[in-house]
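A.B. asks: Sequence:
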Amino acid sequence: MSHPPFWLSKQFFYPIGNTAAISLTQDLSPEQSAADILLLGCGDPRNILFTLYLDLTIGTRKLDITCCDIEPAVLARNILLFSLLDQNENIDRVWDIFYHFKIDDRALKIITRQSQTLYDHADTIETWQGSVFGSFLRMEDARTLMEIRRRWKSYTDFPHLPVGRKNQIMKEQVQLSKSNADKGAMALSPSRSAGMLWPQAMKPVAD
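Quick note on numbering: our numbering labels position 154 of the sequence shown as 154, and the sequence is numbered without any gaps.
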């Protein structure tokens with residue numbers, strides 16, 4: 001059935017989730033040895049990582065998880081994270097890359113290096129499938145791979161941008177942050193970590 005088009009006048013980028021992680025297999029019995037899971041609007045991989053952590057206690061279980069998101073950069077970041085974990089990158093550096101608001105020089109070098117590696121392997125579906133990452137990070141179609149590859153190229157090229165362009169990006173980011181702060185908006189989700197004291201924690205945690 002056809003429907004009128006729905007045009008998003010403004011898209012929101014959610015690289016980090018704002019809800020507590022949940023186990024994707026919490027309703028499965030420990031004896032179930034496999035599960036196929038579809039994540040629509042998957043966001044960051046906190047639920048996947050939390051599920052893998054909890055499933056360590058029940059033995060071997062094969063998981064096939066399909067991640068879908070309207071924003072290719074979300075998928076590009078997630079694959080970057082999984083590839084770094086697979087290669088046993090320093091966990092402190094991985095944390096800095098994924099959760100720190102500002103990237104330091106050490107983290108930037110890792111992002112640039114790993115993004116170049118992923119970009120090189122992602123020339124086609126066939127080259128990706130034949131890579132070390134293709135064995136556990138599969139792509140559904142060539143268009144998805146192309147869009148994700150474009151993001152990795154942007155990450156790789158960022159350190160080589162002209163100084164004027166970098167300064168412009170930084171200025172726009174500062175202006176955006178200031179405009180949001182001036183609106184008096186408050187992020188309520190982090191206050192949940194305070195439990196019963198969340199009403200008192202809302203303002204200091206948001207600050």
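It is worth saying that the hints were derived from the structure and are not from the lab. Every value quoted in this text rests on a predicted model; they were computed, and no experiment measured them. Using N, Cα and C, we set each Cβ at its ideal position, and we do this for glycine too. Where hints are given, some of them may not hold.
Quick list of in silico lysine-lysine cross-link-like pairs, BS3-like style, CA-CA up to 25 Å [unchecked claim]:
1) K102 to K171
2) K102 to K166
3) K166 to K178
4) K109 to K178
5) K153 to K203
6) K102 to K203
7) K153 to K102
8) K166 to K10
9) K171 to K183
10) K10 to K171
11) K102 to K183
12) K166 to K153
13) K109 to K10
14) K10 to K183
15) K153 to K183
16) K153 to K109
17) K153 to K171
18) K102 to K10
19) K183 to K62
20) K203 to K178
Taking CB as the label site, the calculated pair distances span [as the list claims (entries may be wrong)]:
21) V174 to T60: 21 to 31 Å
22) F13 to W95: 11 to 21 Å
23) F13 to N167: 33 to 43 Å
24) T60 to T144: 38 to 48 Å
A.B. asks: Hint by hint, say whether it matches the structure.
C.D. replies: Hint by hint, here is what the structure shows:
1. Among the hinted pairs, K102 with K171 is consistent with the structure: their alpha-carbon atoms are about 14 Å apart, no more than 25 Å.
2. A hinted pair counts as satisfied when its Cα atoms are at most 25 Å apart, and K102 with K166 qualifies at roughly 14 Å.
3. Restraint check for K166 and K178: the C-alpha separation of about 18 Å stays at or below 25 Å, so the hint holds.
4. Between the alpha carbons of K109 and K178 the distance comes to roughly 28 Å, so the proposed pair goes past 25 Å and is violated.
5. For the given pair, K153 sits about 39 Å from K203 by alpha-carbon distance, which is inconsistent with the 25 Å threshold.
6. A hinted pair counts as satisfied when its Cα atoms are at most 25 Å apart, and K102 with K203 qualifies at roughly 22 Å.
7. Only pairs whose Cα atoms come within 25 Å are accepted, and K153 paired with K102 is accepted, the gap being roughly 20 Å.
8. Restraint check: the Cα-Cα separation between K166 and K10 comes to about 24 Å, which is no more than 25 Å; the hinted pair holds.
9. About 19 Å separates the Cα atoms of K171 and K183, which keeps this hinted pair within 25 Å; it holds.
10. Distance check on the hinted pair: K10 and K171 sit about 21 Å apart at the alpha-carbon level, within 25 Å; holds.
11. Straight-line distance between C-alpha atoms of K102 and K183 comes to about 22 Å, which keeps the hinted pair within the 25 Å bound.
12. Among the hinted pairs, K166 with K153 is consistent with the structure: their alpha-carbon atoms are about 16 Å apart, no more than 25 Å.
13. About 32 Å separates the Cα atoms of K109 and K10, which puts this hinted pair outside 25 Å; it is violated.
14. For a cut-off of 25 Å, the pair hint linking K10 to K183 stands: about 18 Å separates their Cα positions.
15. At roughly 34 Å between alpha-carbon atoms, K153 and K183 are farther apart than 25 Å, so this suggested pair is violated.
16. Straight-line distance between C-alpha atoms of K153 and K109 comes to about 14 Å, which keeps the hinted pair within the 25 Å bound.
17. About 23 Å separates the Cα atoms of K153 and K171, which keeps this hinted pair within 25 Å; it holds.
18. Between K102 and K10 the CA atoms are separated by roughly 24 Å; this keeps the pair inside 25 Å, and the hint holds.
19. Our distance criterion of 25 Å between C-alpha atoms is broken by K183 and K62, whose separation comes to about 47 Å.
20. Distance restraint check for K203 and K178: the Cα-Cα separation of roughly 17 Å lies within the 25 Å cut-off, and the hinted pair is therefore satisfied.
21. Distance hint check: the CB atoms of V174 and T60 are about 49 Å apart, inconsistent with the given range 21 to 31 Å.
22. In this structure, F13 and W95 meet the distance hint of 11 to 21 Å, their C-beta atoms being roughly 20 Å apart.
23. For the hinted restraint 33 to 43 Å between F13 and N167, the CB-CB distance of approximately 22 Å leaves it violated.
24. Against the hinted window of 38 to 48 Å, the Cβ-Cβ separation of T60 and T144 comes to about 29 Å, which falls outside the hint.
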